[in-house]
Amino acid sequence: MKLSKVYRDYLHRFSNKTLFMQGDIACAYGALYGGCNFLAGYPITPASEIGEQLALELPKIGGYAIQMEDEIASIAAVIGAVWSGARAMTATSGPGFSLMQENIGYAIMTETPCVIVNVQRSGPSTGQATKPAQGDVMQARWGTHGDHEIIALSPSSVQECLQLTIECFNLAETYRHPVILLMDGEVGHMREKIVMPDPDKIELTGRRLAKPGELMFGGQLIPPMTEFGAGSFVHVTGSTHKDNGMRDVETQKVHDKLIRRMYEKIDKNRDKLIRVEKDYMEEAKVAVVSYGATARPAKGAVIQARKEGKRIDFLRLIGIWPFLCRVWRRNSS
Amino acid sequence: MASGPFCAGCGGGTVLNVFTHAIDELGIDPKDIVSVTGIGCSAWIPSPYYKADTLHTTHGRPIAFATGVKIMKPNMKVIVIAGDGDIAGIGGNHLIHAARRNIDLTVFLINNSIYAMTGGQVAPTTPYGVRATTTPYGNLEPDFDVARLVVSAGASYVARWTTYQVFNLLKSMKEAITKKGFSFIEIVSQCPVSYGKMIGKHRASDFLKTYKESSIPFSRAEKMSEKELKGKIVIGKFVDRDRPEFTESLRRLNKERIIKPTAEATEDTRG
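Protein chains in written order, with the numbering used here: chain A, 844 to 1176; chain B, 233 to 503.
If a hint is listed, it holds; no wrong ones were tucked in.
With a straight-line Cα cutoff of 20 Å, these simulated DMTMM-like cross-link-like pairs (lysine to aspartate or glutamate) come out: (1) K283(B) <-> D1086(A); (2) K903(A) <-> E480(B); (3) K487(B) <-> D852(A); (4) K1142(A) <-> E1126(A); (5) K903(A) <-> D1043(A); (6) K283(B) <-> E1057(A); (7) K263(B) <-> E1057(A); (8) K492(B) <-> D1043(A); (9) K412(B) <-> D264(B); (10) K283(B) <-> D1091(A); (11) K263(B) <-> E1070(A).
Think of the hints as simulated: they come from the structure by calculation, not from any bench.
With the hints as constraints, model all of the structure from the sequences given.
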């Protein structure tokens, strides 16, 4: 699927231009290139710039950026908008990400494609609000209760902030799952060179809509969905539900089938979801593994060490979740 | 429609009945309705018993979810039916801010004065002194006047009725559904099971009799003192006013800001 004409017309003005841009702003433009037409958010350092930029840009191309009363409401409005046809996102940092956890679980359970950007900062609690950190990797994986999978990507440059945001929107639609972009305050607030893509060359994954009578909560690994008002009379619930969406919280087989399918739709596509930047060398006994902003000095350190004759592998995680355990084993000696 | 989930004597059935009549009399196509509910007994009034789109959300958040729905589907009737614990307790902040935005949602709050589904814990609407499972020595907190709160927050339409005044409620529901802006009706409703056991009223008729005797019309209540109003239920329409509606404002903004394909390219990135 191509971007809509309105989006392409607008984004053409940036096409192939080299700009000096902040990571948060690049993420906001990544959202536009990703076809995002709805953002609901709440101010928080170091993520506020994403919502600010989209508030500036979205009205020009027919989209909506709204500031909600808190992060719980932000993710709730995003999910409501997605079921009403939007390609939607929210952007926050650690404290807001913590508040969103219950509704991230709701998005997983209702198989709602959406993007949650977390520009990580130092914690726990208010921590050092203006200092970057990478402490939410486990919260992204296990923050919401119950058995579930998650998809999370982590950029380490401003260029990647843009590219991976587009990718997040596509993955969300492909797997009908919330996707988390785990930025960090360093990448979010860093300014560096970026080459803006040509909007005509962007390939988007569209939403697969159910044909009349097709099941929307089962019947296949990744079922198609619908939007409100289409006459499907869909029932969306965070309670355990049958293939037709209707609640059944008593039958263990129904719960088992639902949870296994939602787990398998990620697990069976693990190899497609794992992304790494590899720089291995013969007979290396040590590997440096890094991600996000720290991957860049880590790579520099590896290059330095190799100059001194040390044999070191370098591995940068771009896809953080699902974790690369199989790739890891295959490549380690 | 299928059979309801309610305990015998629950007011939820009355609300379901009146709501069905309101939709029927207004002649609204079910295709144009989205019911948004949260968690609790009242969340089961529309969900999943209507052949309409339903978003059954997390506890306290239906109004926030409904905000996203309404922005993307401005021509649909987005109706939230929820309990007092759900949208005056845990979700109170969303109620206040949706009323302030005056977004075109219709919200029916079913006030049964208790957390009923979980077995009778104290609610922000439980009267002072009443025993609940979490206030075994009596409630030490005053109860919430939710309708007046929503008036102050800026809603276009606010009313309160009890399940005794079904015809007033029907008329009011029809007004609320058609009114542009945030429309809110607090429906005081009986819970003969979880609340009944706390106050010694075990029949729906006991509650309805009290509602009949203690309801005071809004116009008369305005002239009464706080002391005179003790134990009374102020019913009627609190406000019915025209104020700018949020999704209309959003659309007006987009109309003003939309970039025409012929427009000059501008460098408006911030770096």
